[in-house]
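The sequence shown begins at 1 in full-length UniProt numbering and counts up one residue at a time.
By construction, these hints were calculated from the structure, which means they are not laboratory data.
The model shown is predicted, which means the values in this text are computed figures rather than measured ones.
Misleading hints may appear alongside valid ones.
Mimicking DSS-like on lysine-lysine, the simulated pairs with C-alpha atoms at most 25 Å apart in a straight line are [claimed, not checked]: (1) 159 <-> 179; (2) 137 <-> 73; (3) 66 <-> 162; (4) 162 <-> 144; (5) 66 <-> 137; (6) 137 <-> 97; (7) 73 <-> 97; (8) 144 <-> 179; (9) 159 <-> 144; (10) 144 <-> 73.
Okay, the calculated beta carbon distance ranges per label pair [to be verified]: (11) 109 <-> 195: 37 to 43 Å; (12) 161 <-> 211: 32 to 38 Å; (13) 206 <-> 104: 30 to 36 Å; (14) 214 <-> 20: 17 to 23 Å; (15) 295 <-> 73: 46 to 52 Å.
For every residue, glycine included, the Cβ atom is placed at its ideal position computed from N, Cα and C.
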Amino acid sequence: MRFLDPKTDFAFKKIFGSQQSHDILLSFLNAALSLQSPYRIAEVTILDPYQAPRITGMKTTFVDVKARDETGKHYIIEMQVLNVEGFEQRVLYNACKAYSGQLAPAANYSTLTDVVALTITDFIMFPERSEVVSQFKLRADDGKLYSDDLELVFVELPKFGKDETQLVDVQDKWFYFLKCAGSLECVPTPLAEEVPIRHALDIANYAGLTVAEEEEQQRHQFYIFDQRNVVVKVAKSNMAIGWAKGRVEGKAEGKAEGKAEGIWEERLRWARSLLPSTDDATIARQTGLDIGDIAALRDG
Numbered sequence: 001m002r003f004l005d006p007k008t009d010f011a012f013k014k015i016f017g018s019q020q021s022h023d024i025l026l027s028f029l030n031a032a033l034s035l036q037s038p039y040r041i042a043e044v045t046i047l048d049p050y051q052a053p054r055i056t057g058m059k060t061t062f063v064d065v066k067a068r069d070e071t072g073k074h075y076i077i078e079m080q081v082l083n084v085e086g087f088e089q090r091v092l093y094n095a096c097k098a099y100s101g102q103l104a105p106a107a108n109y110s111t112l113t114d115v116v117a118l119t120i121t122d123f124i125m126f127p128e129r130s131e132v133v134s135q136f137k138l139r140a141d142d143g144k145l146y147s148d149d150l151e152l153v154f155v156e157l158p159k160f161g162k163d164e165t166q167l168v169d170v171q172d173k174w175f176y177f178l179k180c181a182g183s184l185e186c187v188p189t190p191l192a193e194e195v196p197i198r199h200a201l202d203i204a205n206y207a208g209l210t211v212a213e214e215e216e217q218q219r220h221q222f223y224i225f226d227q228r229n230v231v232v233k234v235a236k237s238n239m240a241i242g243w244a245k246g247r248v249e250g251k252a253e254g255k256a257e258g259k260a261e262g263i264w265e266e267r268l269r270w271a272r273s274l275l276p277s278t279d280d281a282t283i284a285r286q287t288g289l290d291i292g293d294i295a296a297l298r299d300g
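Let's have the full structure, built from the sequences with the hints guiding it.
Spelled out as structure tokens, the structure:
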């Protein structure tokens, strides 16, 4: 049994933004935002539902899923794998655009409803914070809330370190799903206990994909790997430049070893995520690892 990696744009949109995904998105939003009664979302409308791919090519929009609840509050949800330049500004821009875009000509500002921008990242954004979830609102220096009309929420998946035996609540299970679904070979019991997560796994099951959808998923995966390889190449170039400039030998060696180890671990991580859906030769070509390294990963 193989599942889509929900960290890719295509898979995330298909799982959380399809017409049949209302129960999935509702459960995920309530869990990720830690909403408790009477503030839990009861209904959700997906504003731009997923459409199966008809032509090749990458997506042109940045926000993966847009939704509105029964009170009129808007949610923009994005899955971001690569830490690109200007990403923080883009999140804020999209949130402000969703807020101001509600106002029709000659309408009153009082008609504006709240906007929550929920961003899930596969990288660390706030190294000074240990929490997986970070929430930001407009506040004064003394902490007094100016307005809760605009809220930015970030979920940093690398900070979530629980395995399937440590999952306590629905939030844990959703974060585990996002981080690990692409490498699962069966449905863990804690995930099977939650009906919306079982539904999400059904949608993510490779067995139910069309040929076009499989190709689209692979394109998104390869794009991510290519971009990460660019980062690795730049890091190697920077190391070479550093060596050429004659840095202090001991310090240079220490830095080089640290960077090399980080690059190696990153390549292994990419390779593991590809194992369920890609042959060894393709993995080796994409990650730069040897075929023997790939075989060792498959053997456990």
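Checking each numbered hint in turn, tell me which of them this model violates, lowest number first.
3, 4, 8, 9, 13
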